[in-house]
Amino acid sequence: MLDQAAPLQAKMLTHGALTDGSARMEVLNPATAAVIGDAPRCSKEELDAVMDAARAAYPAWRDAPEAVRREAVSGLAPRIEAHLGEIAAILTAEQGKPLAMAKGEILSLLNFLKAQAKIELPVVVNEDHDKRVSKTWRVPLGVVAAISPWNFPVMLAWWKIAPALLAGNVVVLKPAPQTPLAALKVAELVADLFPAGVLQVISGGDELGPWVTAHPQVDKISFTGSTATGRRVMDSAAPSLKRLTLELGGNDPAIVFDDVNVKKTAAKLFWAAFSNSGQICIAAKRVYVQRGIYDAFRDALAEVAAQVKVGDGAEEGTLVGPIQNRTQFDRVNELLADSRAAGHQFAFEGEAPQGPGYFIPVTILDNPPEDSRIVREEQFGPVLPLLVFDDEDEVIARANDTEYGLGATIWTDDLDKAERVSRRIEAGTVWINEAIYLSPDAAFGGRKQSGLGAEHGEDAIMAVTEPQTVVMRRG
Numbered sequence: 001m002l003d004q005a006a007p008l009q010a011k012m013l014t015h016g017a018l019t020d021g022s023a024r025m026e027v028l029n030p031a032t033a034a035v036i037g038d039a040p041r042c043s044k045e046e047l048d049a050v051m052d053a054a055r056a057a058y059p060a061w062r063d064a065p066e067a068v069r070r071e072a073v074s075g076l077a078p079r080i081e082a083h084l085g086e087i088a089a090i091l092t093a094e095q096g097k098p099l100a101m102a103k104g105e106i107l108s109l110l111n112f113l114k115a116q117a118k119i120e121l122p123v124v125v126n127e128d129h130d131k132r133v134s135k136t137w138r139v140p141l142g143v144v145a146a147i148s149p150w151n152f153p154v155m156l157a158w159w160k161i162a163p164a165l166l167a168g169n170v171v172v173l174k175p176a177p178q179t180p181l182a183a184l185k186v187a188e189l190v191a192d193l194f195p196a197g198v199l200q201v202i203s204g205g206d207e208l209g210p211w212v213t214a215h216p217q218v219d220k221i222s223f224t225g226s227t228a229t230g231r232r233v234m235d236s237a238a239p240s241l242k243r244l245t246l247e248l249g250g251n252d253p254a255i256v257f258d259d260v261n262v263k264k265t266a267a268k269l270f271w272a273a274f275s276n277s278g279q280i281c282i283a284a285k286r287v288y289v290q291r292g293i294y295d296a297f298r299d300a301l302a303e304v305a306a307q308v309k310v311g312d313g314a315e316e317g318t319l320v321g322p323i324q325n326r327t328q329f330d331r332v333n334e335l336l337a338d339s340r341a342a343g344h345q346f347a348f349e350g351e352a353p354q355g356p357g358y359f360i361p362v363t364i365l366d367n368p369p370e371d372s373r374i375v376r377e378e379q380f381g382p383v384l385p386l387l388v389f390d391d392e393d394e395v396i397a398r399a400n401d402t403e404y405g406l407g408a409t410i411w412t413d414d415l416d417k418a419e420r421v422s423r424r425i426e427a428g429t430v431w432i433n434e435a436i437y438l439s440p441d442a443a444f445g446g447r448k449q450s451g452l453g454a455e456h457g458e459d460a461i462m463a464v465t466e467p468q469t470v471v472m473r474r475g
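For the record, in the sequence shown the residue sitting at position 397 is 397 according to the numbering used here, with numbers rising by one throughout.
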């Protein structure tokens, strides 16, 4: 556990050195609302200097042999792995998730980093004959700004970095202002792996994000966060046509057909919805259950919920932690108040600690109207509506009736039906009989207003490069 008697004083990684910054900002533990440390609050002048350093470092890093870049990127995972316990404790303290989940986030990141360090830069031979040779390869974009959210402060921040650096870009990472400490700690651990200016990690308040996205030195923005903020990022990028990867919000449907094992499926789907207190973009946000098993499934899900402890992530036995920040806490409570005022039925309302922490009990709603806010909006908290459906065409139409298109899950023993339905679901990723599984080898991105572009797999390198075709006349 983190030593609460010794507040963390994080530093930024800028110009190849660890720096305090000209101002500081406090970081809170959402389980206690107490200050656990502070981080630099990057000024506009400091940001300009960071971007100048990135631009100056770019040519040499771009031109470095691929083997040199790969060796440096390959050093990321071992450094992080050697300090897993320390990083996890910081992560739990600033984000709120249970310690075991914090360790799981870092272990997942290690898996991604090790795979990303092996990515090959593709070369396509278009023509090769006695008159001409034509090849297309991928070239780096330049300065990549990576902006990460507060729900997975380590994993979502650092999985943007390896492909960008490997391809020859330089990176400036800006973690969320609510959760900068773990990302800055990782930066401290890997600072000496790269030449000055190649990798920089900064922190700041709400004002820093817009400064970064509008900065003239930035060539590419990789952003993970809400759809509303994604639209503002897109506006900032437009004047200079910055390249964009946007991984945004989701209101992911889960479809449960009546041929499943009710208890086993309910246990799996509970964690598809409530892991990380529901603060996962690809969590199940609305669950459609076929009428024949609806009552039994609702009761089975409530049985699972009744066994789950909500509390401080640092405490033994906690499985669901707090909401990470006061703004989101208030928003989830507003959605619950709206449902109560509308007279919606509640299938389960759990218990949560009383006090200054941002705790919301695990809550399951019993078939609220399709047009209610709790169904139409992304909750991003430990609140889940269950809804009844009758047939396949009906549930597909209801599942697709949203501005979002990030993920979806299908639960059935009929795999032919599952694949048939999956092809009609408007989502970037569809899981069948499991959820929230991501692979470093498979593209991950959203449709509709859930984002632009994709990460991971071959798309990871495509996202941080552009094609350049070179044609050479022979003879």
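The set of hints was computed from the structure by calculation and includes no laboratory data. Bear in mind the structure is a predicted one, so any value in this text is a computation, not a measurement. Each hint should be verified, as a subset may be incorrect.
Said to hold, decoys possible - Computed cross-link-like contacts, BS3-like style, restricted to lysine-lysine with a CA-CA straight-line distance of at most 27 Å:
(1) K103 x K118
(2) K11 x K114
(3) K11 x K44
Against the structure, the hints:
no. : hint        : verdict
1   : K103 x K118 : holds (24 Å)
2   : K11 x K114  : holds (26 Å)
3   : K11 x K44   : holds (17 Å)
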